[in-house]
Amino acid sequence: MTTTTQRTASGSSGEGPRTENQGFYTRQLPKYFPAALLAICAVVVSAVFALLGAFHPVPVAVVAALLYLVAITVSSAVIENSRRAKDRLVTGIVYCCFAIAVVPLVSLLSTVVVYGLERFNLYFLSVSMNGVIPSMDAGGVYHAIVGTLVITGLATLISVPIGLMTAIYVVEYGRGRLKQAITFFVDVMTGIPSIVAGLFVVALWMMVFGPGQTNGLAGAVALSVLMIPVVVRSSEEMLRLVPNELREASYALGVPKWLTIVKVVLPTAVAGLTTGIILALARVIGETAPLILTAGMASTRIQANPLDGDMMTLPVFIYQQVGNLGLSAEAGAYAEERAWAAALTLILVVMLLFLTARLVSRFFSPNSRG
Amino acid sequence: MKLSKYSQFAGIALAGALALTACGSDQAVSPENQQAAGNVDCVDGGGTLSGAGASSQENAMAAWKASWEGACAESIVQYDSVGSGAGREQFINGAVTFAGSDAALDEQETQAATERCNGSEVVNLPAYIAPIAVAFNLEGIDSLNLSPEVIAQIFNQEITNWNDDAIAELNPDADLPDQKIIPVNRADESGTTENFVAYLSEAAGDAWPHEVSGNWPIEPVEAAQGSSGVVQAVESGQGTITYVDASHVGELGTAAVGVGDEFVEYSPEAAAAIVDASDPREGNTENDHAIDLNYTTDESGVYPIVLVSYEIACMQYQEQKDAQLVKSFLNYVVSEEGQQAAAKEAGSAPISDQTREDLLGTIEQISAGS
Amino acid sequence: MTTTDSSTTAEVPKGRRRLGDIAFANTARGAGLLILAILAGVAIFLVVQSLSSLTANEANFFTSTEWSPESGPGDAVRFGVASLAFGTVLAAAIALVLATPVAIGIALFIVYYAPRRLAALLGYLVDLLAAIPSVVYGLWGLVYLVDQLQPIYRFLAAYLGWIPLFAGPVSTTGRTMLSAGIVLAVMILPIITAMSRDVFAQVPQAHREAALALGATRWEMIRTAVLPFGRPGVIGGAMLGMGRALGETMAVAMILSPSIAISFNLLQSGNQTIAAHIALQYPEATGTGVSALIAIGLVLFAITLVVNMAARFVVSRRKEFTE
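In order, the protein sequences belong to chains A, B and C. When we follow my numbering, the leftmost residue of the first sequence carries the number 369, and every step to the right adds one. When we follow my numbering, the leftmost residue of the second sequence carries the number 1162, and every step to the right adds one. When we follow my numbering, the leftmost residue of the third sequence carries the number 139, and every step to the right adds one.
Simulated from the structure, these hints should not be mistaken for lab results. Fair warning: there could be bad hints in the mix.
Quick list of simulated restraints, FRET-style, between CB atoms [unchecked claim]:
{"id": "1", "chain 1": "A", "residue 1": "675", "chain 2": "B", "residue 2": "1202", "range": "28 to 38 angstroms"}
{"id": "2", "chain 1": "A", "residue 1": "635", "chain 2": "C", "residue 2": "258", "range": "47 to 57 angstroms"}
{"id": "3", "chain 1": "B", "residue 1": "1396", "chain 2": "C", "residue 2": "258", "range": "25 to 35 angstroms"}
{"id": "4", "chain 1": "A", "residue 1": "675", "chain 2": "C", "residue 2": "193", "range": "26 to 36 angstroms"}
{"id": "5", "chain 1": "A", "residue 1": "577", "chain 2": "B", "residue 2": "1528", "range": "31 to 41 angstroms"}
{"id": "6", "chain 1": "C", "residue 1": "303", "chain 2": "A", "residue 2": "719", "range": "33 to 43 angstroms"}
{"id": "7", "chain 1": "B", "residue 1": "1301", "chain 2": "C", "residue 2": "265", "range": "45 to 55 angstroms"}
{"id": "8", "chain 1": "C", "residue 1": "178", "chain 2": "A", "residue 2": "422", "range": "34 to 44 angstroms"}
{"id": "9", "chain 1": "C", "residue 1": "178", "chain 2": "A", "residue 2": "529", "range": "17 to 27 angstroms"}
{"id": "10", "chain 1": "A", "residue 1": "605", "chain 2": "B", "residue 2": "1267", "range": "26 to 36 angstroms"}
{"id": "11", "chain 1": "A", "residue 1": "422", "chain 2": "B", "residue 2": "1336", "range": "24 to 34 angstroms"}
Model, not experiment: these values are computed from the prediction. Every residue gets a Cβ at the ideal spot worked out from N, C-alpha and C, and that includes glycine.
All chains should be modelled from the sequences, with the hints used to inform the complete structure.
In structure tokens, the structure reads:
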């Protein structure tokens, strides 16, 4: 957001404040020149590759981009000057950087959708893997969806109260060393590798329940370790956005501080808080490693009790199917299809959460905030 | 207003979640397609039989589980493929009723397990035999004769080219290419590696001077994770060779292994024959069927590189139900039907009639007592 | 609940701490302390549970490259973290080297180059990369990407093979350290980008306009005004990204064809990271095996903790400096 509001002086194609007399010092390439040059490069390179009989989009794009960078630099250096040439080169490189980021995104999403749709249907979504042996063209992901809902739901139940209260402490009450320490360590905690969170719960469970105990609750606790700091951070920001005038008005009416927080601050920030929580949920719902350690991989039937043994989840299901890739030709192919379809399901769930977060922040924000 | 809108929203989400939980089922396979075993001695009232152990048996176990559960109402087998070591440990602790293991219980473990078995005998039943194939990827060549010494030298990186005289001598008819040999080994600890290395160190003598363990003993040329990983590595390279669970071989060429004066291609019968050609382990108790694999046998028609995996059970259980379930399940596992189901699903070698008779005799005596 | 609350308000004289207030404040503080306790708990539990293997270990934990943590008949407990730590740092380094320049470029693009109306949308697009679960990255990398990378690897080995990093022969599967590093780079790209974008957008307008008023081109303005100002933020972002890359498990576990050895060759199968090793070994580990995995997890925890604390320190110092 800040990005759009703050940039003011840099909209034009080359220089800062547009000075009419630039033409006095140097000739300028016409505005359409870069685009035209890029098109020419693309055509030339594809033609050359096609003539050589080796047309393939990736090398063509790479060579065309390189050719463009060279051509624009040279032509700018000849027609304009060397400083401009450098500027145009950097502009080209910066555009390339962005393209580089988009390529894997598009590639990944398109492969997931294309491969995933082969098996993504109502049957797949509504049955478990119970009684399915690898060579069977059958089975679905329902038990994993249930497991994901139960485990992430529990994780939310654990992390939201803790995270929210911590944020309230930091924003409304905290001062001095303790506040600093909490802020700092929450930041540090966001960087805990997910597998370490899993190991933590393994170690904890080993001390409390003995070795080899895997269940849904352990998975939920591991996810909470990852979720709490995210909830704290986002809630903190939202609480800070609540204008102090509201609090002061409430105090002036004689309302105690804690009631002010519960009745005034939280309702004002509720949209932002919810958005933050949903985004935190979206972050942990795709976690795999801690769940392999804590919730196990053996479950094949529908299981909604988080205290009763292994519990399958969507990400672990994908991982488990990938483990079956190399079985026999048939079984491997089925496993791969299942993995892609489950990946599609998981991505859809994540996107759904993102969409919900957007909707919540759009429809439930208080009108008072501008 | 805000809050009520909010609770509406939450209500919709909750209703959606509830609707979702209502529509799934464990019936992934329609009853007529279900693998139901024909001839099983079921336990009245069913029950849950829990086992854990070797992942080598995972797919066979999936087939046995599906058929047995299909035939016996209310009966459930839970098999956690946690690895042989963990399986034995859980069995000894009494956490599971039977264990699957790539190695029989050693003396110490047997003693520890006696307590768990109500003071009765602990038995190792060799019910799963998986041939290990020496598979390679050479264009136009489906089979090669390789003696144990040559195999050892290839994997020890002493023979480095496919047209080496040592290989040519054994294969006068083959058109061996001038190509570098790339041996591929398992990167992870595995029973396959352990058995293959054990075979080399016994059958190849001085050509394989390394210690026997589940880890590959020398610096790898190329390594890969899991059976599927090594097969993928072999398939995508030229001149590659590996050892792998025979069910994964697919289209690859395989070696006929030198036994005595002849060369034996792997086949289920040839692999099962090694169990009969081997001697019982020294110090076996009356009903124990643990064997010392005789890698150096020169009996005709025996394929010597196999992984023999055991089902480990007690002769006497505390609970009547446990005894009945184990008896019923293991009876099915070693039956001809069960062995065929595993062969179809996991590519294992069905045990010979001789072995079956021995095993059934033992399983018959499993009982409960106080 | 509301009724009792309002009665309290009425009864208790002003100026004194009210019961509800005290309870609420203490709950809030308790939650904050609980977080500190959890973090301490992570460290303590990992230490306690790793002791049994560390005391049984007959090799040097920090320098050994062996891995056989489970004792068997005639099989001593010997394991070390050296090669795994090396693999972890190597993977993160590859990711960092590949991702940082691109991330800076993207941040500059979004803040200073992209059409203003599109900027927010394009930023959102990059953030999408962060929303994709790592197991999906792993699946994509394993099934799709490694095949696409093979020709590039052969090219590298053929023409740059004289650099030890790229010496052939190329692994037949493409499941190498470089593939894992590339996927990690994509995964940490949004982290570094977000951080850089924030600081680039905070460059005081006066600095930028001063540069432009002197006749600087856009690149000269960026070089003289934006980059020096944004450097700590970029460094902080890169370190946060590195923290993520160090701890990333699934993508590496699924893509890399590992071996526990120290190798500088990026085009052959080899090396292994701590996180991936834990995920792959844990399902079949028992006794000291589990404890040994917890021990290397502790090492990973320590490494990421140091990196993250350093990153936060760099970032917060910049804040003090600018405010």
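Quiz item: Looking at the structure, which of the earlier hints fail to hold?
Solution: When the structure is compared with the hints, numbers 2, 3, 8, 10 turn out to be violated.
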